[in-house]
Every structure is written in structure tokens, then in C-alpha cells.
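Assemble the whole structure, with the sequences as input and the hints as a guide.
Same order as they appear, the protein sequences are chains A and B.
One point on numbering: in the working numbering, the residue at position 195 of the first sequence is 197, and numbering is uninterrupted.
One point on numbering: in the working numbering, the residue at position 29 of the second sequence is 31, and numbering is uninterrupted.
Fair warning: there could be bad hints in the mix.
[To be verified] Some chain B residues judged to face chain A by a derived CB distance under 10 Å, without partners named:
no., residue
1, 12
2, 133
3, 161
4, 197
[To be verified] No farther apart than 16 Å at their CA atoms in a straight line, the calculated lysine to aspartate or glutamate pairs in the EDC-like style are these:
no., chain 1, residue 1, chain 2, residue 2
5, A, 68, B, 20
6, B, 159, A, 85
7, A, 159, B, 27
8, B, 68, B, 85
9, B, 159, A, 39
10, A, 68, A, 20
11, B, 203, A, 41
12, B, 203, A, 119
13, A, 203, A, 147
14, B, 68, B, 27
15, A, 68, A, 16
16, B, 68, B, 147
17, B, 159, A, 42
18, B, 159, A, 16
19, A, 159, B, 42
20, B, 203, B, 147
21, A, 115, A, 101
22, B, 68, A, 147
23, A, 115, A, 39
24, A, 159, B, 156
25, B, 68, B, 16
26, A, 68, A, 27
27, A, 203, B, 42
28, A, 159, B, 119
29, B, 115, B, 168
30, A, 203, B, 41
These are calculated hints, taken from the structure and not from any lab test.
Where a beta carbon is used, it is the ideal one built from N, C-alpha and C, also for glycine.
Protein chains: 2
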Amino acid sequence: MFAGAQLSLYPMTDTFVDVILSSLDALDPWRDRLRIETDDISTLVVGPPEVLFPALRDLYASAASKGHHVVLRATLSRGCPGEPDDPICQTSALANPFEPLASRQQAALDALKSAPDTGQIADAQFSLYVMGAGDHMAEITGCIDFLRSSGTFDRSKNFCTRLTGDAGPVFATLQEAFCRFGPPNGHVTIDLTVSANSPSKR
Amino acid sequence: MFAGAQLSLYPMTDTFVDVILSSLDALDPWRDRLRIETDDISTLVVGPPEVLFPALRDLYASAASKGHHVVLRATLSRGCPGEPDDPICQTSALANPFEPLASRQQAALDALKSAPDTGQIADAQFSLYVMGAGDHMAEITGCIDFLRSSGTFDRSKNFCTRLTGDAGPVFATLQEAFCRFGPPNGHVTIDLTVSANSPSKR
Chain A
3 MFAGAQLSLY
13 PMTDTFVDVI
23 LSSLDALDPW
33 RDRLRIETDD
43 ISTLVVGPPE
53 VLFPALRDLY
63 ASAASKGHHV
73 VLRATLSRGC
83 PGEPDDPICQ
93 TSALANPFEP
103 LASRQQAALD
113 ALKSAPDTGQ
123 IADAQFSLYV
133 MGAGDHMAEI
143 TGCIDFLRSS
153 GTFDRSKNFC
163 TRLTGDAGPV
173 FATLQEAFCR
183 FGPPNGHVTI
193 DLTVSANSPS
203 KR
Chain B
3 MFAGAQLSLY
13 PMTDTFVDVI
23 LSSLDALDPW
33 RDRLRIETDD
43 ISTLVVGPPE
53 VLFPALRDLY
63 ASAASKGHHV
73 VLRATLSRGC
83 PGEPDDPICQ
93 TSALANPFEP
103 LASRQQAALD
113 ALKSAPDTGQ
123 IADAQFSLYV
133 MGAGDHMAEI
143 TGCIDFLRSS
153 GTFDRSKNFC
163 TRLTGDAGPV
173 FATLQEAFCR
183 FGPPNGHVTI
193 DLTVSANSPS
203 KR
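Rendered as C-alpha cells:
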């Protein structure tokens, strides 16, 4: 299995370099379980979902706490047939896809109960893509049903779904969406945008 | 058919609102062929690919010309089974998917010859997702073969491909990738990031 994300932080301020660099400390508790490589467009973070999502949450919360309008963007992927297996991605977080959809939805809701709060609001928008054999729309609509019950569901938009709430439950909900839906050995991706302190909301 | 994008501009400057608002004029020549709706996270643009991609190109080039580090992000989609047909999306730009891959690759390369230059460099990174019946990895690798010959190919990264060059051929290449690959009646999406004036490149 190979899993990870290409992620970027976009602070809408002249001091964007300082905001980015000072937020990266939030990744420190997770670094020994991740492989990280940066270029001028994005940072590759390779690792299992149960590390990736808390790491993204902490990075986002740290960046948001500076008070500027800042956006975290990530392209997340698991199970891409074009990527090699990597031991660092070994995970126990993926649902057995042969388990019925209703049971996976309930397990996802149960997992949210232990999500900690961060004190930072996250306005998130994302698309879940499920590829390969199987009924990809059944998995996507099954995931959307879970999202509607998750407590952070805001609304559906064309091409994506909005979540809002404390970054803790929001990123936990994203993790459940990523881990519990998709066909056996599926290639599952998420196109994610999380916005903090937007002046359009004031 | 339903096609469109959720797009956002992220100018890394205190004057980000001014940069965004002053760049939107670049959409004016395209507005009568698009449906546009904005909220605090993104702007929905609905319309056919042959209008969408030039409109995104002009928006990007206008924003980049202000000189700040700015990123354009878009979630593009066509043929999503969950979206209704919309007459504004009527298009003649999609390849016949029964046409052999080699022929579609050549048609894509031919189409690039007429791409105009904009004078703005675009560093782009994107993922193409092909869903539904059919061999999605054959279509994706067929698209990547086209990209390698496109003249704007930079390199492959985990989960995505980088293009670089003038925004004219870069957005034309993205349009060809979006239109000519994917199974019959396929659901095809692109997760796109285009970066201008990054200090990390200096």
C-alpha cells in the first residue's frame, strides 16, 4: 500500500513565508512516521492515514492560529496502482471493504466520538474519488450519507461537499471518508481545501 | 453533460482582495458562455471545456501579471453521474472515446499547435482521475504519454504530474488531457494547482 498527500499552505499575507515556516513545527510529533519532501509547489507527505490526517490537522490549526486568512490544500491518495508499496504506509485504519456499507458508516460515526477539539474553526471543501472495479457512485453516495450524519456537514456543492466545525472533528471526518469507502484494493483520492479566517465570512 | 470547476485564487499578499477582484475582469470575454457562483471558499464556473480552460488561463495570467506569488486552484469535473445535464455545457471538444488511444494522443498534440502565448509563466501540477467502467489506469497512462510529448512536461511526482511553460500552452495541454481521455460517458476530474512568481524558484 502507498498513501500520502501533496499539500500546500497559502497564507494571504506579505509574511506568507514566516507563516508557513513557523507552522511546520506542528508536524514535529508526526515526523518519525512520515516521509516528507518539499518543492516550490507542494510538500509530499507519505505515511498511513491515521498519521496523515492528525498531522494535517495540527499543521492547519497552527497556521490558522496566526490569524491571517490561510488555506491548506491537499491532494490525498491511497492504493494508486502506479505507486510502489512502502513499509511506512502500513496501516490498520482501512475498513474491510467487504463489510456492508451500513456497518462501515456506523464504524465511521463511532470513530468520530473520540476526535479532540483544537480551538480552530475549519471550513473544508472536498471531493472523494473512488477508482477501479466496483460501483464507484454507490461508495461515494454511501460516504455522503455518512457525512450528513457526521456533525460537521455544511452542504453539498457541485463537485464537492462542505464541512465546517472545529478542525478536530473536521479532519477526523475526512479521515473516516478516506479510509472506509472504496472497493477492495481500491484507488481512493481526496481533493481537499480547508480555509481559515476568510474575510468573506465576516 | 455537466462540466465545470470550483476555482480559487490565492494571492500571497496583504492586498489579496484587490488582486482577486482586479483579476476577475479577465473572465469578462467568457461570461456569456459560463454560469458563475461565488462563496467564501471557491467560485463555481459551469460551462464547456473549450470555454473553461481559456477562461482559467486568462484569469491566471491576469493574476500572475500583478507580480505577487499567486496560486490558482481548481477542481474540474465532467460527466459526473450525480449532476444534471445543462445546456450551457454543450460541447464539441470531447474526443470520441471509441477512437483508439494513439489517435486521440495525436489529435491532442495537433491541437496544441494553435495555443497562443500569454507572456506569463505557469508552473502547474495536476492529477487526472477517470472513473466508472473501463480500464482507468490505461487511460491515465495514455494521457501521461501525451503529456510527455506535449512540450510543457516538467516531471512526474507522486500522485500528480508537473507542467511548466507559458500559460497558453500549459492550459491548452490541460484542456486536451481533460477532453481526450476517459471511458465512454466517463466521469473525469482534474485536481489542478498553478503557481506564479514563487520565491522558492528564485
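Now for the hints, and whether the structure bears them out:
1. 12: holds, 4 Å
2. 133: Cβ of residue 133/B sits 5 Å from chain A, so the hint holds.
3. 161: With a minimum Cβ separation of about 5 Å from chain A (threshold 10 Å), the hint on residue 161/B holds.
4. 197: Residue 197/B check passes; min Cβ-Cβ to chain A is 5 Å, inside 10 Å.
5. 68/A x 20/B: violated, 22 Å
6. 159/B x 85/A: holds, 10 Å
7. 159/A x 27/B: Judged against 16 Å, a Cα distance of about 25 Å means the pair is violated.
8. 68/B x 85/B: violated, 36 Å
9. 159/B x 39/A: Holds, at about 11 Å.
10. 68/A x 20/A: Holds, at roughly 10 Å.
11. 203/B x 41/A: holds, 9 Å
12. 203/B x 119/A: Answer violated: residue 203/B to residue 119/A is near 37 Å, above 16 Å.
13. 203/A x 147/A: violated, 27 Å
14. 68/B x 27/B: holds, 13 Å
15. 68/A x 16/A: holds, 13 Å
16. 68/B x 147/B: Given pair residue 68/B, residue 147/B is violated - Cα atoms ~34 Å apart, limit 16 Å.
17. 159/B x 42/A: Judged against 16 Å, a Cα distance of about 13 Å means the pair holds.
18. 159/B x 16/A: violated, 29 Å
19. 159/A x 42/B: holds, 13 Å
20. 203/B x 147/B: violated, 27 Å
21. 115/A x 101/A: Outside the cut-off at roughly 21 Å; violated.
22. 68/B x 147/A: Status violated; Cα separation ~43 Å.
23. 115/A x 39/A: violated, 33 Å
24. 159/A x 156/B: Answer violated: residue 159/A to residue 156/B is near 33 Å, above 16 Å.
25. 68/B x 16/B: holds, 13 Å
26. 68/A x 27/A: Satisfied, since the Cα-Cα distance of roughly 13 Å is no more than 16 Å.
27. 203/A x 42/B: The given pair, whose Cα atoms are some 6 Å apart, holds under the 16 Å limit.
28. 159/A x 119/B: violated, 34 Å
29. 115/B x 168/B: holds, 13 Å
30. 203/A x 41/B: holds, 9 Å
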